[in-house]
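Asker: Residue numbers (the numbering used here), protein chains in the order written: chain U, 1 to 282; chain V, 1 to 298.
Be aware that a few hints might be false.
[What the hints assert, rightly or not] Each computed SDA-like pair below joins lysine to any residue, with the alpha-carbon atoms no more than 20 Å apart: (1) U:K74 / U:S190; (2) U:K15 / V:Y265; (3) V:K55 / V:Y265; (4) V:K111 / U:F264; (5) V:K12 / U:P110; (6) U:K15 / U:Y31; (7) U:K107 / V:F21; (8) V:K12 / U:N109; (9) U:K269 / V:K12; (10) V:K130 / U:R191; (11) U:K133 / V:N51; (12) U:K14 / V:F21; (13) U:K269 / V:F110; (14) V:K12 / U:K133; (15) V:K111 / U:P110.
[Said to hold, decoys possible] To list a few chain V residues with every Cβ distance to chain U over 12 Å, as calculated: (16) I29; (17) L59; (18) R160; (19) I293.
Derived by calculation from the structure, the hints in this document are not laboratory data.
Here a beta-carbon is modelled for each residue, glycine too, at the ideal position from N, C-alpha and C.
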Amino acid sequence: MTKNRKKISVRKAKKVLGGVGLALLCLIPLYPLFFTFLCSFKGTFEIYSSSFALPESWALINYETVIFQARFFKYVGNSLVIAGGSTLVLMIVTCMASYALARLGFKLNPWIYMFFITGVTIPVHSIIIPLYKMFADLNLLDKYIPLFFLYAAAHSARSILIITGNMRGISREIEESAIIDGCNAFQIFSRIIVPLAKPGVATAATISFLYIYNDLLFPILFLTSRSKQTISQGLMSFEGEFSMELGPIFAAIIVCVIPMMLLFFIFQKQVINGIAAGSVKG
Amino acid sequence: MTKLMTKGFGKKPLVTILFLFPAVFLYLIILIWPIFQSAGYSLFEYSGIMNDTKKFIGLDNYIKMFTDPYFKRDMLNVLKLTAISFIVHIPLAFGLGLIVSRGKRGSNLFKTIFFIPTILPTAAVSLMWKFLYNPNWGAINSIVRALGFTSFNLDWLGNRMSAMYAVSLVNAWVSSGESMIIFAAGMTGIPSELYEAASIDGATGLKRLTHITIPLLRETFRTYFILLITGALKSFNLIFVMTQGGPNGATEVPTMMVYFNGFRYYNYGYASAVAFFILILGFLISYIVNKLIKTESM
C-alpha cells in the first residue's frame, strides 16, 4: 500500500520536474523577445544602466518615434503589398501548373515535376549577379510588379510540391461527373480542383507570404528608393540613423515582428506544415 | 467510357501545356537561365558596369579563386559553420523532436513556442541578437557576469575567436523550430509496436534510442545532414545583418564574397565564378550524402 503510494508520489514529482524543465526550456525562444519587448519601453540611458529590469514606465514614446517620425507603418504596408502581390501571382501560376502535373496525364509530367523539385535546392545567392543584370538591363529595378514575378519564380518549387501533393488526393469521380456535365478543363480546374485543394493552397500561400515578407536579399538588390522599401530594409537603415538612441530601435524590432507573430498564431498549422514540407524535400 | 473522357484532357497536350506554361516560363527565365549566365560570366573579366566590354579569360577566374586567400578563408568559415551546426543543431533538434513527438499534454504549446524564432524576419532577429550580444549592456554578458564567469565577458560578435560561434548559435536559435519538426515527423513515423516489443524484452530508455529510434531515423538524418550543409553554404542574411562578415572577415562566407565582389567592387566575372562554384558544390554534396546514406541502408 505505502509502497504504491510512494511510487505514485515519485511519479508525480517526476512529472512536475519535467514540466518545470520544459517551461525553463521555453525561455530559450521566448526570453530574447521578452528582453527586446522590455527594452522597447526604455530610454537609452535606462538600457545602458539596467537593461534587465522592468522599464521605469511603460511610456510609448519610442513607439511614437518609430511610427510617426520614421513612418514604419509605411514600410509594413510596403512589405504587405509585396508579399501579398507576389503570393497572389505565385498561387495563380503554381495552382495551374500543379493541376496539370497532378490531374492531366501528360507524357512529360514526371520530368517537369522533377525539374521543379530540384529547384528547391538552387541557392538564390548563386544567381543574383545575372538576375540583377537582367533586371537592370530591362529597366525593372525599383518596381513592385517585376518583383512579384521574381518571388513567384523563386518560391514556385515548394508551392508546386505542396499543392500537387494535395491535388493528387482528390477522387477521380467528382471530376468525371463534371466532365459528363460538360465542364471543360478550365472549369474543372477553377470550380472543382482548386476549391478541393484548399488546404494545400492555404499552406503554400501562408508559408510563401511569410518567407517573402521576411526576405531581405531581393529588396536590398531590387528596391532602391526609400519610399518603396520593405520593413526589413527600413529596420536596417533605422538602426544606422538612430544608432545613438537604442529605445526606438527596440520598438522598431517589435513593430517589425508583430505582423508575423499574428500570422503565425492565426495560421499555425499551415505555417508548420509548409515549413516541414519545404525542408523535407530540400 | 468516363475514364476515357478524363484521360481525354491528357490526350490534348495543348491544354496541359497551357496550364504549365506560366510556371515553367517564369522558372526558366528567372531561375534556370541565370545559372547558365552565371557560368558564362565566370569565364570573362567583366565589371558589370554599363557599356563595359567583356573580356574572355577562360578559367582565369577559377584559378584566381583557388589561389585567393579570401576565398580560402571564406570556405574555412563555412566549414566551421557547418561543423558547429552539426555539433549544436543535431542534439538540439533530436531532443526537441523527442519532446514534441511524445504528444504529451502541453507538447503542442511547446511546439508553437519553439517555432516562433523560425517565423520572424531575419533582419529583426539579427538586430535583436546583435543587441543581446552587446558587451556592455546585452543580456548575454549580464548573465555571464551574474554567474561569475568574468573571463567570458567578451565582445562576442566583435572578437575574431568568438564571432563565428556567436553567429552559429543564433542560426541554431532561428532554425530550432524547423529542425524540431523534421525530427518529430520522423519519430512519429516509427510504429509504436516496436517500442512495445522492446519494452517486453526489457529495453530501457537509452537502449530504445540507440536500437530503435536512431536506426529508424536514417532517412530523417540524411535529409537533415543535407539541409545543414547546404544551409551553411547558402547562409547570408543573418550574418550580413549581424556582422557584415566582420570582424576582419572572421564570419564572411562565400555568398558574401559573391555579394561584395558583384555589388561593391564591380567584379561580375569573379563573383560569378564563386557563385557558380557554390551552386555546383551544393549539388555535389547533396548527391554524395544521398548516395552514402542510401548504400548503407541496403
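Asker: Each hint needs a verdict: does it hold in this structure or not?
Answerer: Right, here's what the structure says about each hint:
Taken as a hint, the K74 of chain U and S190 of chain U pair is broken in the structure, with Cα atoms around 35 Å apart against an allowance of 20 Å. A C-alpha spacing of about 59 Å is found between K15 of chain U and Y265 of chain V, which places the hinted pair above 20 Å, so the restraint is violated. The suggested pairing of K55 of chain V with Y265 of chain V holds, with an alpha-carbon distance near 17 Å, which does not exceed 20 Å. About 12 Å separates the Cα atoms of K111 of chain V and F264 of chain U, which keeps this hinted pair within 20 Å; it holds.
Annotation: proposed proximity of K12 of chain V to P110 of chain U holds, straight-line Cα distance about 17 Å (limit 20 Å). Taking the CA atoms of K15 of chain U and Y31 of chain U, the gap is about 24 Å. The hint is violated against a cut of 20 Å. Restraint check for K107 of chain U and F21 of chain V: satisfied, since their Cα atoms lie roughly 15 Å apart, inside the 20 Å limit. The hinted pair formed by K12 of chain V and N109 of chain U meets the criterion: a straight-line CA distance of about 13 Å does not exceed 20 Å.
Between K269 of chain U and K12 of chain V, the direct Cα distance comes to roughly 38 Å. Violation of the 20 Å bound is thereby established for this hinted pair. Under the criterion of a C-alpha separation no larger than 20 Å, the hint pairing K130 of chain V with R191 of chain U is inconsistent with the structure, at around 50 Å. At roughly 12 Å between alpha-carbon atoms, K133 of chain U and N51 of chain V fall within 20 Å of each other, so this suggested pair holds. For the given pair, K14 of chain U sits about 59 Å from F21 of chain V by alpha-carbon distance, which is inconsistent with the 20 Å threshold.
At most 20 Å may separate the alpha-carbon atoms for a hinted pair to count; K269 of chain U and F110 of chain V meet this at roughly 14 Å. Taking the CA atoms of K12 of chain V and K133 of chain U, the gap is about 39 Å. The hint is violated against a cut of 20 Å. Between K111 of chain V and P110 of chain U the alpha-carbon distance is near 35 Å, which puts this suggested pair outside the 20 Å criterion. Annotated as non-interface, I29 of chain V brings its C-beta within 12 Å of a C-beta of chain U; the closest such distance is 8 Å.
The beta carbon of L59 of chain V sits about 18 Å from the closest Cβ of chain U, which is more than 12 Å, so the claim that it is off the interface holds. Non-interface status of R160 of chain V relative to chain U is upheld: no Cβ of that chain comes within 12 Å, the nearest being about 23 Å off. Even its closest Cβ contact with chain U, about 15 Å, leaves I293 of chain V beyond 12 Å, as expected for a residue assigned away from the interface.
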